[in-house]
Each structure stands twice: as structure tokens, then as C-alpha cells.
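Each chain is listed here by its residues.
Protein chains: 2
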Amino acid sequence: MLQNIRVVLVNTSHPGNIGGAARAMKNMGLSRLVLVQPQEFPAADASARASGADDVLSGALVVDSLEEALVGCSLAIGTSARDRSLPWPMLDPRECGAKSVERATMGDEIALVFGREHAGLTNDELQRCHFHVHIPSNPDFSSLNLAAAVQVLGYEVRMAWLAAQGAPSISDKADAVELATLDEMERFYDHLEKTLVDIAFLDPDKPKHLMARLRRLYGRSSVERTEMSILRGILTETQKVARGESHKRKD
Amino acid sequence: MLQNIRVVLVNTSHPGNIGGAARAMKNMGLSRLVLVQPQEFPAADASARASGADDVLSGALVVDSLEEALVGCSLAIGTSARDRSLPWPMLDPRECGAKSVERATMGDEIALVFGREHAGLTNDELQRCHFHVHIPSNPDFSSLNLAAAVQVLGYEVRMAWLAAQGAPSISDKADAVELATLDEMERFYDHLEKTLVDIAFLDPDKPKHLMARLRRLYGRSSVERTEMSILRGILTETQKVARGESHKRKD
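Heads up: the protein sequence lines correspond to chains P and H, in order. The numbering of the first sequence is the UniProt record's numbering, which starts it at 1 and goes up by one. The numbering of the second sequence is the UniProt record's numbering, which starts it at 1 and goes up by one.
Keep in mind that a hint or two might mislead.
In this list, chains with the same sequence are indistinguishable; a pair is considered to hold if it fits within one copy or across any two.
Straight line, CA to CA, 30 angstroms or less: simulated DSS-like cross-link-like pairs of lysine-lysine [stated by the list, open to error]:
| no. | residue 1 | residue 2 |
| --- | --- | --- |
| 1 | K240 | K99 |
| 2 | K99 | K194 |
| 3 | K206 | K194 |
| 4 | K208 | K240 |
| 5 | K206 | K99 |
| 6 | K240 | K206 |
| 7 | K194 | K208 |
None of these hints come from the bench; they were simulated from the model. Only a predicted model underlies this, so the values are computations on that prediction, with no experimental measurement involved.
Working from the sequences, and respecting the hints, build out all of it.
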């Protein structure tokens, strides 16, 4: 079950932090590490700090984009500072652990996404996550070491997992449904954006926060596969109508 | 109140771990560090890993024995592997956080005691502690990095402290948005249905379960007022386009 939970580190500067994160993961029973454009990897510093978690490092997947890192995931939770201009569904680490374990138990693939040492995740990256998680910290000294942040979220995953071991499995639920994967969601957002341009609701030159707001809405809704087909069908029909309209205008 | 809680590191080998522990402490709002016979301190590695928590390092008290480190304390909690021949009152990290904060609030001085990187605390040292705390971990790879262990216990102290403040949880805050009311939702469903008929996605004579499925999707999404305005705006634009289209067909 814990193998359904991957840890994604985006654009990490210091290989020592990758090693520290790998050790924290293995300590907590997590094994799947994905590195998005690490600045230096593999590296001696990473192995040194991994301190025996070499299997996590050698099994790490190195990819070029967050999108690739999230393929197959139906839940992505990104670490974030509390105050963002864009409000987003926020979890604390305990809620993050509970939600990850609950969904992993249902067979979903989960990603916990960590940003750069100094700059964190970009707004664009954060908008690809369904939830944001903030580790409560001293407001005057709030930036945790990357491996320490992995340790805290991994610890809460383990606590939730241990609690779930004592509880009847929820995978037996009769209403287990198939959710749209993250890449299906991305194709939907792409289709949605094009359609909104076609009907002239979205001005590509002044997009404002429209797509971000729509991502936030659909991202938190656990859209099912069957619902996704309906939404895509609506967009396709809307585009047909819009294409007819623009044809008419040219006449 | 958090100033009543000190972190005691016994006989630490690697100064980098002292720095990492100082950073974790400051992140969690803890400031009092006591070092029992550190093998190397002060040290450049400690300052580098402290990454701005220099005040915690420079304020650290260096002493010769655990006994000295615990002067004035009425509660000492020592980190321990789970299986000790010596049975002792055990806490998990969450209970450790709760107990530390409860007693610190009463004005007691508390010590959280961490052992050597490889060997932990000796039985003699453990017997000087009122409670032992064990961080749940992978039985096959159970030894956490020292700074990571300080991070986990510090995090649980902060969570307990925030709860004691009565601070609203992060997710409560995020929930403090205005949701669309039930009648606004009904007007939306009505508008959606008409629009789907307009674009010929919904056949009023064979509606099947389409509207029920869409109600289920949006109904569970806690749609906010601002999001509702966007959705309604999209429908209005779609209808304009569709009206142009049907006009064209009549021509």
C-alpha cells in the first residue's frame, strides 16, 4: 500500500538533501523517489547522507518535468508556504498523511511533491496539485530543510498507515470508483482552455487567474472517469457549435 | 511557554547533525539547546547545516554530563528504540508533544533527550528519563538521522502547542470562504441543463441520467460563490454562441 505513494523532489540543488530525503523515506517505509531535473545526481553526497538507503536512491526515477513525474497519479499534494495569493485547499501534515493513506488503500497512486530548497514550487507547479500541505513552523524562520520536510510528511503517512492497520480496510468499499488520472485531468484542462477561448470567454492575452480557479475547483472534486467523459463530451459539442459560429462570422 | 522545553543532544559525533538539529528546533519555535560532551563543537559543519539558526547554536549550553543537562527539569523524555530489555513508560511522538506542552504550560521545565548517532542513549541515561519516546519506523531500517528525530519530536511539540493556543487549523481557514447556496446551485443546474440542450448535448426527450451525474459531481465539490460566477459566465457565453449557431441554421 505504501508503495502507491511516491515522493517527488523538484529541481533539488543539493544532492545531500536527496540522500537525506531517501533516508527519511526508507525510515518511514516509503520507497518510490522521483527526481525532476535534479541539479546534481547521482552524487557522492547523496549516497553519504542516504546512510544505507541506497536502494531508494538507485531506484529513483529521474524525469524532465513535473508532468512526467505525476503520470498515473490521481492525487498530488504539494508543499507550500501558507500565504499564497491563490487560495487553494490546504491540509496540515496530519490531514495529508490521512488522505494519502486513505486514497492509497483504495489503489490510487499518490504523489507528495516538494519544491526547490530556496524557492519552493512555482505557482504553475502548485496548480498541478490537488491539495497543498503546509508544515506549521515559526513564522520568523519558516523554511525547513528539504529532508526534514520529507521526514515530517513521511512520519504522518506512517502514523496514518499504522492506524489503518488496526482498522478494517476501506478498499472493500462497494462504491470504489475509478478516478480520472492526473494526465487525463491535464488533457481536460487543455481542452477546457481551448474551448473557453473558442467561445471568447477566455482572452488568451488577459487570462487572469481563470484557469487556475477552474483547476482548483475540478482538482478538489475527485472527478471520476465516467464524469470526465461527460465533461469532455460537453466541451467537444461546445467547440462544434463555436466553430459553426466563427464560420458564420467570416461569411 | 516553548522556552520551557530544552533539547538535549548526548555525545553527538557529527557537528553537521548539531546544526541540522538547531535548524529543526528553530523552525518549530524551540530555542534552548544543551550539548552533553559533543565530539566537535563549535564547528563549521554545524553552522553550515544550521542555515540561519546560528542564534540557537551560539546560545547552546555545553555540559559534561546528562545530569548537568537536566538541572531544573521536572520532566525528561528520552528517545529510545522500541525493544529494550528495560520496560519503561513509552510514549509515541504525538503523546510526547502533548505531554511536553501540557507540563510546560504548567511552568515545568522539560527536556527532550537524544542519544548518539549509532548507539543511542545508554541504559543508565535512559533510566534518568521519566518517559521514553519511540518514533515509529520501518523495522528493517529504523535508525533516523539525529536532526530528523529532533524534527519529528519538535513538530509534534509545535502541533500540540498550536492546538493549545486554540489556533484555527490551516484547513479551517481555507474553509472560511463563501460557498454557493443551495438555491444558487439549483439556478446553476437549471442554466446548465438549458445550455446542454442549446448545444444539443442533452436531448430533452432522452435525458438519461446526465443531469443527475452532473449534480453529483458539482454537489460534492463545495462550489464557492466566485467559482459559481465563473461557471455561470461560461454557460452564458456558450448560449450566446449556440444562439448564433441556431440562427445560422435557420438561414
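Each hint tested on the structure:
In this homomeric assembly, K240 and K99 never come within 30 angstroms of each other (Cα to Cα): the closest approach is 39 angstroms inside a single copy and 42 angstroms across copies. For the homomeric pair K99 and K194, neither the shortest alpha-carbon distance inside one copy (32 angstroms) nor that between copies (37 angstroms) is at most 30 angstroms. Taking CA atoms no more than 30 angstroms apart as the test, K206 paired with K194 passes in both settings, with 14 angstroms inside one copy and 29 angstroms between copies. Proximity of K208 to K240 under the C-alpha cut-off of 30 angstroms is found in both arrangements, the shortest distances being 26 angstroms within a copy and 22 angstroms between copies.
In this assembly of identical chains, the alpha carbons of K206 and K99 never lie at most 30 angstroms apart, being 36 angstroms within a copy and 39 angstroms across copies at closest. Taking the closest pair of Cα atoms, K240 and K206 come within 30 angstroms of each other both inside a single copy (24 angstroms) and across two copies (21 angstroms). Taking CA atoms no more than 30 angstroms apart as the test, K194 paired with K208 passes in both settings, with 15 angstroms inside one copy and 28 angstroms between copies.
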